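> Take the given structure of chain V and dock chain L to it, following the hints.
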Amino acid sequence: MVGTALFFLFAGLAIASAVSMVYHKNPLYSAISLVGVFISLSCIYVTLAAPFIAAVQILIYAGAIMVLVVFVIMLLNLDEDKPLNRLKYLYALGGGLGLILLVQTFFIFYAVMRAQNVPADQSMTAGKTLSIGQAMYTEYLLPVEIVGVLLLMAIIGAVMLSRRLAQPQLELVVEHELEREHQEKGLLN
Amino acid sequence: MEPSLASYLALSGILFTIGCVGVIFKRNAIGMFMCIELMLNAVNLTFVAFSRYYGDVTGQLFVFMVMSVAAAEAAVGLGIIIAFFRNSLSVDVDDASILKN
Chain V
1 MVGTALFFLF AGLAIASAVS MVYHKNPLYS AISLVGVFIS LSCIYVTLAA PFIAAVQILI
61 YAGAIMVLVV FVIMLLNLDE DKPLNRLKYL YALGGGLGLI LLVQTFFIFY AVMRAQNVPA
121 DQSMTAGKTL SIGQAMYTEY LLPVEIVGVL LLMAIIGAVM LSRRLAQPQL ELVVEHELER
181 EHQEKGLLN
Chain L
1 MEPSLASYLA LSGILFTIGC VGVIFKRNAI GMFMCIELML NAVNLTFVAF SRYYGDVTGQ
61 LFVFMVMSVA AAEAAVGLGI IIAFFRNSLS VDVDDASILK N
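Top to bottom, those sequences are chains V and L.
Position one of the first sequence corresponds to residue 1 (my numbering), numbered consecutively onward.
Position one of the second sequence corresponds to residue 1 (my numbering), numbered consecutively onward.
With the rest of the complex left out, here is chain V (with noise of 0.2 Å):
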């Protein structure tokens, strides 16, 4: 009983979140909204015995991401959205599209309502760290290692992306270089 209660307590903050994000026009509403998304999420995770999970989300999300997040909308210094020019009749068709996708989620939701209904044995150890871990470093050990391959491509694009050559700067550096070739030549001859 007090499972259920809980979870539609954060099922509808987590609702009511998300809608705000969505229909904030300042993103730093939006960024903070979806930072009560992530703790309802959070809170979900709790009640579905999955601690780490749990302690995952609030550190990696609501912790590192938002604060990415909120640092580009400050450093960035962005207003609120300007009106839209688009045309109004795009306004229905992507509400009709989101009504489809709902509709579509709910009927293959709808066939899975008939799978196991009750929560596995209480005493399984799922969602303990040790398990978690156990599991990581020992049948999940090649994804654990890409995705080590992927942070470390991730970290060397964000600094190519965000290196700032100006142009001058661009061709001083690129005549220093051919300089240096040619010193270099002349040495060797």
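These aren't lab readings, by the way, just hints derived from the structure by calculation.
Treat the hints with care, since some could be wrong.
To be verified - Within a straight-line C-alpha distance of at most 20 Å, the following computed EDC-like cross-link-like pairs (lysine to aspartate or glutamate) qualify:
id	chain 1	residue 1	chain 2	residue 2
1	V	Lys-128	L	Asp-56
2	V	Lys-25	L	Asp-94
3	V	Lys-25	L	Asp-92
4	V	Lys-25	L	Glu-2
5	V	Lys-88	L	Asp-56
6	V	Lys-185	V	Glu-139
7	V	Lys-128	V	Glu-139
8	V	Lys-88	L	Asp-94
9	V	Lys-185	V	Glu-175
10	V	Lys-185	L	Asp-95
Here the structure is a predicted model, which is why all the values come from computation and not from measurement.
Only chain L this time, still in chain V's reference frame:
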């Protein structure tokens, strides 16, 4: 008594749809980015719910992978947004039409 698996999946479907509609309606690149994060979170919720109801830890591991991909996406995506802002002084996706002209 715990809520049934279907209620978790319904919540996830609602959140995913809100995120998808947000991607369609938002013009701001950062707003679209946040809506994509919301969709990833909705998928994470289904993973954790299935992991709970089938007593298998694999679902939670995949949540971990999704989170890593989301972090990588945040780093690269925000880098692209900053680079785009530097060129056009805007993050409006309608201004990203250099290829069209």
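> Output the numbers, in ascending order, of every earlier hint that fails for this structure.
4, 5, 6, 10
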